[in-house]
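Model the full structure from these sequences, guided by the hints.
2 protein chains.
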Amino acid sequence: MNTGLTLLILAGAVLALIFAGYLAKKVFKFSEGTDRMKEISKAVREGANAYLKRQYRGVAIVFAVLFVIFLVLALCGLMNIYTPFALVLGGLFSALAGFFGMKIATAANARTANAAQSSLNQGLKVAFSSGAVMGLVVVGLGLLYVVLWYLFLDLVLGLEIRDIANAMLTFGIGASTMALFARVGGGIFTKAADVGADLVGKVEAGIPEDDPRNPAVIADNVGDNVGDVAGMGADLYESYVGSIISACALAVAAGLGVDGFLVPLLLAAVGIVASIIGTFFVRTGEKTEQKVLLSALRRGTYISAVIVAVAAFFVIWGILGMEHIGLYGAVLCGLIAGNVIGYYTEYSTSDTYKPTRDLAETSKTGPATIIIGGLSLGMNSTLVPVIVVGVAVIASFLLAGGEIFNFAATMNMGLYGIALAAVGMLSTLGITLATDAYGPVADNAGGIAEMAGLDESVRERTDALDSLGNTTAATGKGFAIGSAALTALALIASFTDTVTQLDPSFKVAELSLMNPSILIGLFVGAVLPFVFAAMTMSSVGRAAQKIVVEVRRQFREIAGLMEGTGKPDYASCVDICTRSAQKEMVKPAILAIVAPILVGIILGPQGVVGLLAGATACGFILAIMMSNSGGAWDNAKKYIEAGNLGGKGSENHKAAVVGDTVGDPFKDTSGPSINILIKLLSMVAIVFASIIVNVNIL
Amino acid sequence: MNTGLTLLILAGAVLALIFAGYLAKKVFKFSEGTDRMKEISKAVREGANAYLKRQYRGVAIVFAVLFVIFLVLALCGLMNIYTPFALVLGGLFSALAGFFGMKIATAANARTANAAQSSLNQGLKVAFSSGAVMGLVVVGLGLLYVVLWYLFLDLVLGLEIRDIANAMLTFGIGASTMALFARVGGGIFTKAADVGADLVGKVEAGIPEDDPRNPAVIADNVGDNVGDVAGMGADLYESYVGSIISACALAVAAGLGVDGFLVPLLLAAVGIVASIIGTFFVRTGEKTEQKVLLSALRRGTYISAVIVAVAAFFVIWGILGMEHIGLYGAVLCGLIAGNVIGYYTEYSTSDTYKPTRDLAETSKTGPATIIIGGLSLGMNSTLVPVIVVGVAVIASFLLAGGEIFNFAATMNMGLYGIALAAVGMLSTLGITLATDAYGPVADNAGGIAEMAGLDESVRERTDALDSLGNTTAATGKGFAIGSAALTALALIASFTDTVTQLDPSFKVAELSLMNPSILIGLFVGAVLPFVFAAMTMSSVGRAAQKIVVEVRRQFREIAGLMEGTGKPDYASCVDICTRSAQKEMVKPAILAIVAPILVGIILGPQGVVGLLAGATACGFILAIMMSNSGGAWDNAKKYIEAGNLGGKGSENHKAAVVGDTVGDPFKDTSGPSINILIKLLSMVAIVFASIIVNVNIL
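Same order as they appear, the protein sequences are chains L and D.
Counting from 25, one number per residue, gives the positions in the first sequence under the numbering used here.
Counting from 25, one number per residue, gives the positions in the second sequence under the numbering used here.
Don't read these hints as lab results, they were simulated from the structure.
Note that the structure is predicted; figures quoted are calculated from it, not measured.
Keep in mind that a hint or two might mislead.
Since the list can't tell identical chains apart, any single copy or any two copies may satisfy a pair.
[Unchecked claim] Dumping the calculated EDC-like pairs for lysine to aspartate or glutamate here, alpha-carbon to alpha-carbon at most 20 Å:
| hint | residue 1 | residue 2 |
| --- | --- | --- |
| 1 | Lys570 | Glu665 |
| 2 | Lys672 | Asp487 |
| 3 | Lys226 | Glu675 |
| 4 | Lys149 | Glu184 |
| 5 | Lys531 | Glu427 |
| 6 | Lys66 | Asp599 |
| 7 | Lys66 | Glu56 |
| 8 | Lys678 | Glu228 |
The structure is reproduced here in structure tokens:
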């Protein structure tokens, strides 16, 4: 063990948490504004808490059951003895990150609206700071989790580095399981509430969005937090932890020992410092143009990226020496690829660019053509990210020392390079997640400004902040998908390494794609994202239907609701969403957990490799398509609402609303859920590797 | 050479053509009915001829250019010297099949309508016979093409069987290129005409479907023939030829020599005889219920399948002996898998089953929910076909003698088994294609009955025949996709065999999925179907837009058109569709041809294997999804039109129309085009194998 380096890493993790606490304190110092604002904010907060409470209760049961199963398996020698505990601890850390993120987000919404009364910059500051709290808590807890385990296994138990790496590889399962709940459940919640609120409120009752008379309005606002803050946070927390531990394991497999093991951890620590520095550069003036605001945020992420790009050189050089400096190139590949995919996502979905403007035009010939146009836009937009990831993977493999034509002998270094690219991509997560988690806060602030009847100028500022949030959400989604794909690839590589250790006759170099067990594994893997997406889409439909029924009931039974004299029962809508979300995620969860084990038992470990590769390739593409189609429909609608092509209420607008409604589950439920699927499949395969290797039918 | 067997095979091919001629003569003996019917039928025929003429002109240019390129490459030693000639001859044979199919289909439409005046059975007889002509011409010409080449290379040139097999493997390129034009171009034509005719006719002018006042109505009817007859025929012709030649090549690779080479040919010949026998069992009474009619058609296909199932045993046993009887199991696997996928497609899309009925229910909450429902239905429906193909592939590999854990030593036999499964699936193509090509004839007959103002009872009968056609179209589409996937897999296996011969250092058993060049090839391959689908969907949109403009112009400029006194200019709409189809298919065609070569040059042959596997897996799934979503939307609309859920004109119906319009390019353009993509990619890879092996950047 290199004590100095380990302490440095630990310090980085702790620093992130301390700085997050400092920022949170600053946010809490701002006033929540008028009583009405406090009241609304409180309702959202209570709804979010109710959701979290119920979710954590459900999660606790699942984790308890899994813990027992894992423990039995571990005692039977089919699993590492630490895994059951890592499951619980990992889930706990992820839940903590989600809890803090939600807490700050629901505290910051009214404060952002109120701060926007004094100036745009103040509003941005509050919203962004709360986002930064989320970002830093995620990376801080993520890194802390990994480094604490390392210290325990090394210092307390005195294990060899190879054993540490193997054990720790399974330690992402807690984060993965938690992410499944947060992202899939959250995704179903948020869109059920959104669609349900719109269908009755906007369409049937004819009241505007965010109208306090709508009983589902609070659920809708809660949903923004549940889906975009807690869900996105858990998703990236999983990627962060997953990419780090798989890089650690692959470092050891590549023969780089403790030094190689520490590199990804140190890169993460460097990224934390860079992210913190970056936050200081996010500020703006009074101009509400998107371009100005966007560059304010981007300044922060750019500066962080540059810092990491410089510091990573010294990390690799200092620890592994000049002979392995190619690994530095791998880190850069990841860093660059993440940003390119993020920006390309923005290009594909923002109404300042051609694709979305052209899409808005297709509304002229009705809903069918805008649906076809949006699907085709989404499909088209998958090519560039695939090429970007492809180039990053090949380049990082080669730079790290892997050779295509001497694969068997060089693959370990090359695969380590791919894992480091994932770590590089995620190193600045502290600040990229901040720009992302900022979005729902601004969105909520807009809702509160509307409901509380604040001045038009305030609403204008919160609108500007909100619309910026939509852009960063697009970038963030692209980034989340890209990092999920790279992380999944690193995990697949780690899985093959695990299997090789369990069964020396298993040769990674001989995992021939033409072997039917691999080929069919690939087919089965490729179909999973489609089935998963279908499941989550119909879940949203069913859950939204329940909300529609409930809102209709309230309008019918609560006297004076429409006139504003009766008080709607917000809590019941939140409750319905929560329960639906919990119930609806059972089937997709079972699919994700059972598929790799079942395929492993039938087709063997090589079939599982096929499955994982197929699911990652197809899932990556489908997730991009669904996210981008959805984002583009959303912005095409907003583009029309801004007064183009006939504006609000026109036939074109009606067509665009259809597109947007289809896009809702696309971009906020099914698309992002696929990120979880592809990582969870790999993680499950790793955790159950012993069973997959030892129990075989064919 | 086994002269007796070869003559038998030749006789089978010739028999198919003779019997097709006999059936055609019988069809032509029927009367075309009234002058009005003759007139309409003539307009459709002229439109179809105009389309074919222009398409063949365009195709001729492309083939001429390709011929020159191929010849140069062949003279440089980068290609087999026979390939350029096979390209031309293969294209010619495929074009001939398309020509005869269109000729009989456009001759049978009015005759079917007229025959339906005397009885339902008469109507079915004419329509089905014309379908059988198409089916038998396709298999007859396909088999003739292969056997003639074999005779030439063996008898005339006296080549060794290994050289014959290698040379012939590239001989599918003509059929593939032709299929690209027929399927992609035809798909764009038919949906541009359909959508364009509906948008102005039904929606704007408020005239019913198939109304002779609509200037695009003839183009629409031509489109049915162009897309569903010529397109489907060329698609399956390609699969048929592709599966046979790849099975021949793999037989030789497996060391089974001439005997193994002749097995797939003989199976095809047996299938022809079985198909012919099957046609005699297709007849019905006066009951117009779908179930009765369907069982009339099914009786024919079932009987053919049973005959093949029995005869195949003797083929394998007689030629290869009891030691290779496992190959018989492989043939059965394909035969069964094709039927299961076909029926499952019907289950997913027919309104007699739950999925489509549930989908119709979602129309209650508007267009957005029916779109989400249909997409989710399509995605869900991909799982079963993937599992069916997966089981068929594994089972045929194992039955043939391949071993998962002794892959390197046994793979050749196993892969030959997979190819034989494809041949088995396609062996009864003569009759399965008949039930499929029958559909557009019945559809046209209905249109003619409508336009000619025939009696209500006749219209009822043609409606019954038409609705049966929709069901068989669904089954046929499933079958086409399933066989395309199996054929593509056989072609991929053949590609690896080709590369191994060109470069002995290339080891199929070491095509490790973890090698980044393969992995990234896989990603790139997986993205191609999405991009291809996006391209073809937007093509339909653009072409339909042009039809809309033209139809609007005619309604505006031609006096008395709406009143029925002016005569619409049908030809101009046909011409616009034809030109658009030609123009719009350039980009997708380039994508399909350039991608494997480019990836080969950058990532080497192993990257191409990844690409082909990724494209086949993802394309198979996406094609099923798009076909089934589209089919279900279509039938959900028809279900409502039949008087359910408010019936025609209700809000629910309007929502369902949106679904159907989205579904049109899904099921008739993009979905089926993907079949072509996955086979063409493999065929291009095989033809350009020398370049892929010898020219490398990485």
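Against the structure shown, which of the earlier numbered hints fail to hold, in ascending order?
-> Structure breaks hints 1, 4.
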